[in-house]
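Trainee: Sequence:
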Amino acid sequence: MDLTSPPIRTDPLENTVTSRQTRLTEQERRAWQAYVDATTSLQEHLDQQMQHDARMRSVHYGLLIQLSEAPQQRLRMSELARNARISPSRLSHTITRLENRGWVRRETCATDRRGLLAVLTEEGQDVLTRATSVHSAALRQALFGCLSHDQQEALLAIMTTVANGLRR
2 MDLTSPPIRT
12 DPLENTVTSR
22 QTRLTEQERR
32 AWQAYVDATT
42 SLQEHLDQQM
52 QHDARMRSVH
62 YGLLIQLSEA
72 PQQRLRMSEL
82 ARNARISPSR
92 LSHTITRLEN
102 RGWVRRETCA
112 TDRRGLLAVL
122 TEEGQDVLTR
132 ATSVHSAALR
142 QALFGCLSHD
152 QQEALLAIMT
162 TVANGLRR
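So for the sequence shown, our numbering puts the first residue at 2; every next one is plus one.
Don't take every hint at face value.
[Unchecked claim] What follows is a list of derived Cβ distance ranges for each label pair:
1) V60 - S134: 15 to 21 Å
2) N165 - E80: 19 to 25 Å
3) A111 - D38: 44 to 50 Å
4) S93 - A32: 34 to 40 Å
5) T162 - V37: 14 to 20 Å
6) E123 - S90: 35 to 41 Å
7) S90 - W33: 37 to 43 Å
8) Q52 - Q153: 23 to 29 Å
9) Q153 - D113: 38 to 44 Å
10) L43 - S93: 23 to 29 Å
11) S42 - T133: 28 to 34 Å
12) L25 - E80: 18 to 24 Å
13) S42 - T161: 21 to 27 Å
Hint data in this document are derived by calculation from the structure and do not stem from the laboratory. For each residue, glycine too, the CB sits at the ideal point set by N, CA and C.
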């Protein structure tokens, strides 16, 4: 055995400058895991409730909400995809599903013939009104019902700080 050889490490990154700078602390790791577990479970719960009680997926609800809040209840497809954080291709397929249900229609943009608009229909607005009560009840039951008023304020402050930091 060569006595001048360094000891074999079980973790090759242990005690390196890079590992000390990039590894999460135990508290950071636990906070991250709790965040991932909670948001994944919450999204799954919302999807199940929306599909069962409102007969729509959460992504459909989100798109209808965006359209309902837009001027004249219409948005360019590119803007809707960007806001929803989905690809233009996925949005196109999803809008087709919503069109088939009568909730949305596509129109050509008057100022740019190449552009397409997604427009919320009257039937879409009616469905959205009913779905909003389902969505609100599911959020109150699964999220806000578990938190005190102070915890809700803290959650708002934390998520706002994170979102603002990511926008920089």
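Trainee: For each hint, tell me whether it holds in the structure or not.
Mentor: Consistency of the hints with the structure:
About 19 Å separates the C-beta atoms of V60 and S134, a value consistent with the hinted range of 15 to 21 Å. Taking 19 to 25 Å as the suggested C-beta distance range, the pair N165 and E80 conforms, at roughly 21 Å. Here the CB-CB span from A111 to D38 is close to 47 Å, well matched to the stated 44 to 50 Å. At about 37 Å, the CB distance of S93 to A32 agrees with the hint of 34 to 40 Å.
The hinted range of 14 to 20 Å is satisfied by T162 and V37, whose Cβ atoms lie roughly 18 Å apart. Restraint check, E123 to S90: a C-beta distance of roughly 28 Å breaks the suggested window 35 to 41 Å. Between S90 and W33 the beta carbons are some 31 Å apart, a value that contradicts the proposed interval 37 to 43 Å. Roughly 26 Å separates the CB atoms of Q52 and Q153, a value that falls within the hinted 23 to 29 Å.
Under the hint 38 to 44 Å, the C-beta atoms of Q153 and D113, about 42 Å apart, fit the expected range. The hint said 23 to 29 Å for the Cβ distance between L43 and S93, and at roughly 28 Å that hint holds. Distance hint for S42 and T133: a CB-CB separation of about 22 Å, inconsistent with the stated range 28 to 34 Å. At about 36 Å, the beta-carbon gap between L25 and E80 misses the expected band of 18 to 24 Å.
At roughly 22 Å, the beta carbons of S42 and T161 sit within the given window of 21 to 27 Å.
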